Amino acid sequence: MRILVWAVLLLSACSGGGDAVIANPWVRAMPPGSAMTAAYFEFSNRTGSDQTIVAASSDAFELVEIHRTVTADGISRMQQEDAVVVAPGETVSFAPQGRHLMLMRPRGTIQPGQVIGFDLHLDDGQIVTFSAEVRQTPK
Amino acid sequence: MSVPLRIIAAILALLALGAGAYTAYRLQSAGPAAPDDIDATIFNAPRPIPGFALTDHNGEAFDPQRLQDHWTLLFFGFTHCPDVCPTTLNTLARSRALLSDLPASLQPEVVLISVDPERDTVEKLRDYVPFFDPTFIGVTGTTAEIDALTAALGVAHMKVPREDGDYTVDHSSAIFLIDPTGRQAALFSAPHEAASLAARYKATISYLERR
Ligand SMILES: [Cu+2]
Chain A
1 MRILVWAVLL
11 LSACSGGGDA
21 VIANPWVRAM
31 PPGSAMTAAY
41 FEFSNRTGSD
51 QTIVAASSDA
61 FELVEIHRTV
71 TADGISRMQQ
81 EDAVVVAPGE
91 TVSFAPQGRH
101 LMLMRPRGTI
111 QPGQVIGFDL
121 HLDDGQIVTF
131 SAEVRQTPK
Chain B
1 MSVPLRIIAA
11 ILALLALGAG
21 AYTAYRLQSA
31 GPAAPDDIDA
41 TIFNAPRPIP
51 GFALTDHNGE
61 AFDPQRLQDH
71 WTLLFFGFTH
81 CPDVCPTTLN
91 TLARSRALLS
101 DLPASLQPEV
111 VLISVDPERD
121 TVEKLRDYVP
131 FFDPTFIGVT
141 GTTAEIDALT
151 AALGVAHMKV
161 PREDGDYTVD
171 HSSAIFLIDP
181 TGRQAALFSA
191 PHEAASLAAR
201 YKATISYLER
211 R
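Note that the protein sequences, when read in sequence, are chains A and B.
If you count by the numbering used here, then the first sequence holds residues 1 to 139, one letter each, in order.
If you count by the numbering used here, then the second sequence holds residues 1 to 211, one letter each, in order.
No lab work stands behind these hints, which were simulated from the structure alone.
Just so you know, these numbers come straight off a predicted model, no measurement behind them.
The beta carbon of each residue, even a glycine, is placed where N, CA and C say it ideally should be.
Hints are not guaranteed to be accurate.
[As the list claims (entries may be wrong)] Covered by chain B, per the in silico footprint, the following chain A stretches (three or more residues, Cβ under 8 angstroms): (1) 29-35; (2) 65-71; (3) 74-84; (4) 124-130.
[As the list claims (entries may be wrong)] The following label-pair restraints were derived from C-beta to C-beta distances: (5) B/Ala-148 x A/Val-54: 38 to 46 angstroms; (6) B/Ser-100 x A/Gln-136: 16 to 24 angstroms; (7) A/Thr-109 x B/Gly-165: 23 to 31 angstroms; (8) B/Ser-100 x A/Arg-105: 36 to 44 angstroms; (9) A/Gln-136 x B/Asp-166: 22 to 30 angstroms; (10) B/Arg-183 x A/Gln-136: 29 to 37 angstroms; (11) A/Thr-137 x B/Glu-163: 26 to 34 angstroms; (12) B/Asn-44 x A/Val-54: 49 to 57 angstroms; (13) B/Arg-126 x A/Gly-117: 17 to 25 angstroms; (14) A/Ser-44 x B/Asp-166: 31 to 39 angstroms.
Could you put the whole structure together from the sequences, leaning on the hints where they help?
The following block contains the structure:
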């Protein structure tokens with residue numbers, strides 16, 4: 001029993017809030033002077049009910065939006081998403097050419113190797129925090 | 001069936017066989033059809049590209065002459081693009097590395113043409129494009145010149161305003177293959193992945209070199 005409690009504590013320490021686990025987070029390194037970039041990760045819902053991501057924020061960017069790139073008829077376009085629902089036990093991927101956190105108006109220079117903190121806001125008021133390294137490609 | 005009828009039927013059958021063989025022969029002499037197992041749209045006849053006068057990220061003229069004597073992979077994008085464009089440029093960089101075993105004459109030059117010439121100045125492209133691969137070439141120009149070239153190639157792109165007054169650009173995600181005489185030879189549709197793009201490129205140019 002004690003072991004189980006510790007495991008749960010460790011998980012919440014990683015994700016910062018709620019029973020959500022963030023895996024493989026990274027921020028795309030962009031050429032100097034770029035006005036925007038994107039963050040990618042996998043979000044796993046370890047609770048027994050839906051988790052709904054409604055917003056995201058970061059100290060490193062003035063504006064963070066949840067987007068999804070959709071390619072149809074050979075044309076790629078980005079759509080803003082108001083909510084991302086993650087069913088119990090499910091994992092939702094934020095990945096290149098798909099869902100991403102769109103990071104706009106950096107507050108300073110964003111360098112490869114830098115670690116950036118993020119807050120994901122859920123509809124029940126919970127905040128899931130994680131940090132992601134700036135890299136040119138995922139690990 | 002009476003005997004004369006049988007003979008007529010046999011003659012008709014022979015004629016049909018002959019016609020089939022002749023058609024097959026004609027088809028073959030017209031050139032082999034694009035093999036279905038190559039994941040690319042290969043044009044039966046390469047399409048000439050009308051003239052254009054653009055500028056590369058070093059400020060040099062980028063005109064049809066720049067597409068001569070080497071294969072080119074042409075991609076359309078813009079620098080205020082956080083997901084698809086950098087993903088594609090990284091993919092192209094890794095594909096090009098995978099193609100380094102090809103003879104120099106068969107290695108592609110990679111060119112990004114901006115569909116956002118208003119914001120993508122020569123200086124902006126100079127900071128942006130070589131970041132992904134120092135051999136890549138960024139190209140921009142006047143809105144009229146970009147529009148003329150994209151229309152000729154059938155590249156859709158449209159400015160989409162954002163609520164905050166900013167804008168983004170929806171655009172074709174295909175990668176175009178230009179042959180060493182500067183004609184549009186094939187196109188590769190998204191999604192793009194480095195290993196498969198390198199394989200698609202190799203299969204397509206070896207087919208086109210044989211054709
Ligand atoms: Cu976006």
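Beta-carbon spacing of A/Thr-137 to B/Glu-163 - inside the hinted bounds 26 to 34 angstroms or not | The hinted range 26 to 34 angstroms holds for A/Thr-137 and B/Glu-163, with Cβ atoms some 31 angstroms apart.
Per the hint of 22 to 30 angstroms, is the separation of the Cβ atoms of A/Gln-136 and B/Asp-166 within bounds?
-> With a Cβ separation near 25 angstroms, A/Gln-136 and B/Asp-166 satisfy 22 to 30 angstroms, so the hint holds.
When you take the CB atoms of A/Thr-109 and B/Gly-165, is the distance between them in 23 to 31 angstroms?
-> Cβ of A/Thr-109 to Cβ of B/Gly-165: about 24 angstroms, so the range 23 to 31 angstroms holds.
Should the hint that B/Asn-44 and A/Val-54 are 49 to 57 angstroms apart at their CB atoms be regarded as holding?
-> Since the Cβ atoms of B/Asn-44 and A/Val-54 sit about 51 angstroms apart, the hinted range of 49 to 57 angstroms holds.
Taking 29 to 37 angstroms as the hint, is the beta-carbon distance of B/Arg-183 and A/Gln-136 inside that range?
-> holds, 34 angstroms
Hint says 16 to 24 angstroms; check whether the CB-CB distance for B/Ser-100 and A/Gln-136 agrees.
-> At roughly 19 angstroms between Cβ atoms, A/Gln-136 and B/Ser-100 fall inside 16 to 24 angstroms, so the hint holds.
Could you tell me whether the CB distance from B/Ala-148 to A/Val-54 stays inside 38 to 46 angstroms?
-> holds, 44 angstroms
Taking 17 to 25 angstroms as the hint, is the beta-carbon distance of B/Arg-126 and A/Gly-117 inside that range?
-> Since B/Arg-126 and A/Gly-117 have Cβ atoms about 32 angstroms apart, the given range 17 to 25 angstroms is violated.
At a Cβ distance under 8 angstroms, does chain B reach at least three residues of the segment 29-35 of chain A?
-> holds (count 6)
Do at least three Cβ atoms from the segment 124-130 of chain A come closer than 8 angstroms to Cβ atoms of chain B?
-> Coverage by chain B is violated for the segment 124-130 of chain A (0 residues, Cβ < 8 angstroms).
Holds or violated: 36 to 44 angstroms for the Cβ distance of B/Ser-100 and A/Arg-105?
-> Taking Cβ atoms as reference, B/Ser-100 and A/Arg-105 lie about 38 angstroms apart, which means the hint holds.
Note whether the CB distance of A/Ser-44 and B/Asp-166 lies within 31 to 39 angstroms or breaks it.
-> holds, 33 angstroms
The structure is inconsistent with the numbered hints 4 and 13, although it conforms to all the rest.
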